[in-house]
Amino acid sequence: MLDRLIDQYQHRLLRYLVYLTGRRELAEDLFQETWIRVLERGHQFNDKYAFSTWLFSVARNLAIDHLRRKQPASLDGLMNGKDNDNNDAAPFDVPATGRPSAFDLTLQREQGEHIAAGMQHLPAEYREALMLRFQEGMSLEEIASLARVPLGTVKSRIYRGLSALEPWLKGAQL
Amino acid sequence: MKINAKNNAHERARQLIALSGPEALSAADRREDQPSNAWLAAHLEACASCRAFAENAAETIRGLRSIPIAAERSLVSTTQMRVRRRALELQRHRERLWMVSVSCTAVTLCALLSTVALWRGFEWLGARAHLASSVWQVAFLVFCVMPALVAAILLLAKDTHLPDHTGSYQG
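From first to last, the protein sequence lines are chains F and Z.
Numbering-wise (my numbering), the first sequence opens with residue 20 and increments by one.
Numbering-wise (my numbering), the second sequence opens with residue 42 and increments by one.
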């Protein structure tokens with residue numbers, strides 16, 4: 020059963036972790052740890068919440084634990100993007116599709132590249148909020164409960180995150 | 042004062058745009074924000090800069106959605122293998138725990154039954170030997186603790202102790 024869940028949520032979970040940590044390798048490690056934790060703590064899942072929300076909160080806790088082990092004095096590192104051991108690595112690589120691309124597809128891909136570059140410069144909590152809202156389509160309440168912050172904070176993170184990405188989009192249009 | 046009110050209106054409009062996204066508003070959000078949506082539509086008609094912000098926001102969101110982050114097949118299969126291995130470990134651990142708890146229950150039951158039987162045996166012997174009840178009761182106690190006492194004496198005599206945390210014996 021867990022095999023099927025891993026198959027079903029593989030891309031969504033990895034995407035969430037990549038956005039949260041800003042590092043592909045770390046996200047892949049945490050991806051594996053998350054499923055182990057899901058196996059061990061499966062009995063704690065409350066079916067009044069969506070499985071994806073619970074899964075993401077398990078992943079989120081593991082990411083925070085990872086940072087706590089690394090920087091016992093502070094939890095701000097992840098949220099300030101200070102966890103990047105390899106700052107040159109681009110976590111949001113946009114691979115070439117390999118298909119003969121129509122103009123709008125190319126444009127969209129380029130736009131994606133610029134937005135991806137912009138995402139690397141955002142604090143993790145903004146990246147997380149934007150990803151959960153616009154890629155996962157979660158409601159503001161679900162994001163607030165997952166991130167354990169007030170609704171107003173979620174709103175402000177989305178607004179500020181989106182505003183911060185605007186210059187990057189303009190770069191894409193140049 | 043007027044400038045402040047105008048700025049607040051722009052700020053409010055932009056927040057509403059950012060929160061709703063192009064089509065991400067859920068039905069609940071829409072109901073909740075219906076008056077705001079009407080206000081936003083009116084504001085956007087009149088304000089070119091907020092209209093531009095709305096267009097940019099929509100494009101940014103489309104750009105966000107076009108970032109392809111996919112898990113590689115090797116990562117998924119490695120994860121599935123690790124999860125299966127861990128599931129097996131957990132199952133073995135549960136089986137061991139079950140065995141230990143069954144053994145503990147059996148030992149406790151046997152101990153209770155044998156204590157009752159022994160007590161009656163000592164009582165019977167005390168009555169046969171015309172001993173005071175305190176005498177056979179003390180004898181019963183000594184009999185019960187004797188195995189533990191003998192084991193302790195033997196261990197002390199051998200100058201051995203419990204294993205340390207590395208599993209080796211000090212001596």
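Think of the hints as simulated: they come from the structure by calculation, not from any bench.
Incorrect hints may have been included.
Computed Cβ-Cβ distance ranges for the label pairs, DEER-style [as the list claims (entries may be wrong)]: (1) Z/S142 <-> F/G171: 36 to 42 Å; (2) F/Q27 <-> Z/T149: 28 to 34 Å; (3) F/R87 <-> Z/F184: 54 to 60 Å; (4) F/P169 <-> Z/L138: 41 to 47 Å; (5) F/R87 <-> Z/I194: 46 to 52 Å; (6) Z/E113 <-> F/E59: 20 to 26 Å; (7) F/G156 <-> Z/E136: 39 to 45 Å; (8) Z/R53 <-> F/E59: 44 to 50 Å; (9) F/P169 <-> Z/N48: 22 to 28 Å; (10) F/P169 <-> Z/T119: 21 to 27 Å; (11) F/Q27 <-> Z/N48: 26 to 32 Å; (12) Z/T149 <-> F/G156: 30 to 36 Å.
Remember, predicted model here, so these are calculated numbers, not experimental data.
Beta carbons are placed, not taken as given, at the ideal position from N, Cα and C, and that holds for glycine.
Each hint, compared with the structure:
About 50 Å separates the C-beta atoms of Z/S142 and F/G171, a value inconsistent with the hinted range of 36 to 42 Å. As the Cβ distance of F/Q27 to Z/T149 is approximately 46 Å, the hint placing it in 28 to 34 Å is violated. As the Cβ distance of F/R87 to Z/F184 is approximately 56 Å, the hint placing it in 54 to 60 Å holds. The beta-carbon spacing between F/P169 and Z/L138, approximately 42 Å, falls within the hinted interval of 41 to 47 Å.
Under the hint 46 to 52 Å, the C-beta atoms of F/R87 and Z/I194, about 50 Å apart, fit the expected range. With their beta carbons about 24 Å apart, Z/E113 and F/E59 fall inside the hinted range of 20 to 26 Å. Checked against the hint of 39 to 45 Å, the C-beta distance between F/G156 and Z/E136 comes to roughly 43 Å, which is consistent with it. Judged by the Cβ atoms, the range 44 to 50 Å given for Z/R53 and F/E59 holds: they are separated by roughly 46 Å.
At roughly 24 Å, the beta carbons of F/P169 and Z/N48 sit within the given window of 22 to 28 Å. Evaluation of the 21 to 27 Å hint for F/P169 and Z/T119 yields a failure: the beta carbon distance comes to about 38 Å. At roughly 46 Å, the beta-carbon separation of F/Q27 and Z/N48 lies outside the given 26 to 32 Å, and the hint is violated. A beta carbon spacing of about 56 Å between Z/T149 and F/G156 contradicts the range 30 to 36 Å that was offered as a hint.
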